[in-house]
Each structure stands twice: as structure tokens, then as C-alpha cells.
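At position 27 of the sequence shown (counting the first as 1) the number is 152 in the working numbering, and the numbers step up by one without a gap.
Treat the hints as calculated values from the structure; they're not laboratory data.
Keep in mind that this is a model prediction, so the values were computed, not measured.
Each hint should be verified, as a subset may be incorrect.
Now the in silico label distances, taken between C-beta atoms and shown as ranges [stated by the list, open to error]:
1) V241 - V206: 25 to 35 Å
2) E371 - Y234: 17 to 27 Å
3) T270 - C334: 50 to 60 Å
4) S247 - A361: 13 to 23 Å
5) A145 - Q230: 40 to 50 Å
6) W198 - V157: 16 to 26 Å
Glycine included, each C-beta is placed from N, C-alpha and C at the ideal position.
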Amino acid sequence: GSSFSLYLLRNVKRGLTVIALPSTALAVVRLVAAPGWGRTLDRLGARPVLLACSFGISAVPFIWLFPRQDCLWPLAIDVVVTGVLSSGHSLAMFNLPLALAPRAQRPFYLAAFSTVAGLAYSLATLAGGLLTQALPDETQWVGYTLRDLQLVFVLSGLLRLAAAFTAFGIREHAARDLGAFGAAQVPAGRAADGGTAPAFTLDNRLAGCPLNVNEEIHVLQVVREALSNVARHARAAHAGIALRCEHGAAI
Numbered sequence: 126g127s128s129f130s131l132y133l134l135r136n137v138k139r140g141l142t143v144i145a146l147p148s149t150a151l152a153v154v155r156l157v158a159a160p161g162w163g164r165t166l167d168r169l170g171a172r173p174v175l176l177a178c179s180f181g182i183s184a185v186p187f188i189w190l191f192p193r194q195d196c197l198w199p200l201a202i203d204v205v206v207t208g209v210l211s212s213g214h215s216l217a218m219f220n221l222p223l224a225l226a227p228r229a230q231r232p233f234y235l236a237a238f239s240t241v242a243g244l245a246y247s248l249a250t251l252a253g254g255l256l257t258q259a260l261p262d263e264t265q266w267v268g269y270t271l272r273d274l275q276l277v278f279v280l281s282g283l284l285r286l287a288a289a290f291t292a293f294g295i296r297e298h299a300a301r302d303l304g305a306f307g308a309a310q311v312p313a314g315r316a317a318d319g320g321t322a323p324a325f326t327l328d329n330r331l332a333g334c335p336l337n338v339n340e341e342i343h344v345l346q347v348v349r350e351a352l353s354n355v356a357r358h359a360r361a362a363h364a365g366i367a368l369r370c371e372h373g374a375a376i
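Produce the complete structure using the sequences and hints provided.
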């Protein structure tokens with residue numbers, strides 16, 4: 126992300142406004158795409174969503190080979206593709222630890238997962254910055270002239286593609302195959318296996334509990350995962366959801 130912004134400033138010669146507009150549009154696309162990905166996660170599981178989004182995201186850096194001073198339309202494609210795929214990827218990455226970690230040790234695994242992910246992102250950003258400084262101004266690649274940061278984008282895309290294959294090793298109980306995406310749209314009120322989805326009641330007492338945006342998303346995903354488990358495994362006709370804030374902190 127930071128390399129893309131630097132590319133717009135240094136290579137495309139655009140100001141902060143051009144950088145800010147795609148970032149704002151990207152956030153909007155992520156919000157719009159999230160409900161659809163949430164329904165897909167409920168019906169297929171996190172693994173197939175993670176696989177689809179990971180392979181799709183690997184193509185994003187290659188889009189950045191095309192923007193120029195007189196050609197900015199690839200930025201619109203990047204906003205849509207990145208917004209949609211990163212929304213599904215983030216939700217799947219949040220759901221997977223909840224689905225795979227042992228219940229008693231779930232806090233430890235969630236903390237370890239977040240720590241490793243943060244360290245990996247920091248190291249990748251540092252490596253990208255060092256690589257940018259060490260690269261030549263121009264490089265020939267399959268007959269195409271790559272200018273400094275563009276070579277970073279190619280390497281990033283290839284590494285993302287390689288990393289996407291590791292998701293095949295994930296074993297999520299009750300997750301469906303990647304090919305099940307064609308059957309992901311199930312009519313409302315029906316479960317993914319053709320049965321009737323359970324009715325549920327909501328007892329929401331979080332009015333006096335201030336939550337930031339990330340905390341609200343986490344609560345939503347925990348509730349969604351719980352309802353998904355009820356629909357898949359318990360075969361219950363009714364489910365009750367109670368949300369309370371204890372001591373102003375724990376939910």
C-alpha cells in the first residue's frame with residue numbers, strides 16, 4: 126500500500142488528492158462488499174473465501190504496471206478489485222482463528238496470530254523499502270521496461286501468488302470446496318444444505334458500552350460465527366443471542 130502511494134507521487138507525478146481519493150473509494154467498496162462476503166462465509170466457510178481472495182489479490186500489484194501521468198483509469202480497476210477482495214480476505218482471516226483454535230486456548234491463538242501477522246507486515250514493509258533503494262532505475266522484464274517500484278510490484282505479485290498456495294493446507298471443519306462458489310447464493314431463510322435456517326432472538330444491551338469500529342466488527346463476526354455453528358452443527362430451530370457489557374469492558 127505504501128509503495129503504491131509512493132509510486133503515484135514519484136512516478137506518476139500526482140499530488141495528495143489523487144492518493145486520497147482512491148483510498149476513500151477503497152474504504153467504501155470494502156464496506157459495500159462486506160455483507161456479501163459475510164453471507165458467503167456463513168455458507169461455505171472461511172477457507173474457500175480465503176483461497177479465492179488470496180489468488181485474486183496476487184494480481185493486484187500487476188495492475189500498477191499500467192498507471193501513467195496520462196493514464197489513470199487503472200486506479201479505478203484497482204479500487205474495485207482490491208476493495209472487494211481485501212474485504213473478503215480480512216473477514217476470512219478473522220474467522221479462521223475462531224473456527225480452528227481450541228475453545229479453551231482461543232485467546233492465546235488469536236493473540237499469537239495477530240502478533241505474527243503484525244511482525245510479518247512490518248518486516249515486509251521494511252524489506253520493500255530496502256529493495257526499492259537497491260533497485261536500478263530501469264529493468265527489462267519479458268520485453269517490458271520496469272521502472273524501480275514497478276519491479277517491486279512484480280515481485281510482490283509473485284510472492285503473493287506463492288503465498289496463496291499455502292492456504293490449500295488449511296483444514297477447516299465443515300468448509301466447502303473452492304468450486305462451491307457457484308452455489309453460494311442460497312435464498313434467504315434456507316441453510317446451505319437446503320434445510321431451514323434457525324430463527325433467532327436478539328437481546329442487545331450494549332447501548333451503554335462504547336465500541337470503536339474494529340470492536341464492533343469483531344463482535345459482529347463472533348456472533349456470525351456462533352450462528353453459523355448453530356446452523357451447521359446443532360440443527361436447532363431457534364437460537365438466542367444476548368449481548369451485555371460487563372464492568373464497562375468485557376462483552
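Which earlier hints turn out false for this structure, listed by number in ascending order? Of the numbered hints given earlier, the structure breaks just one, which is hint 4.
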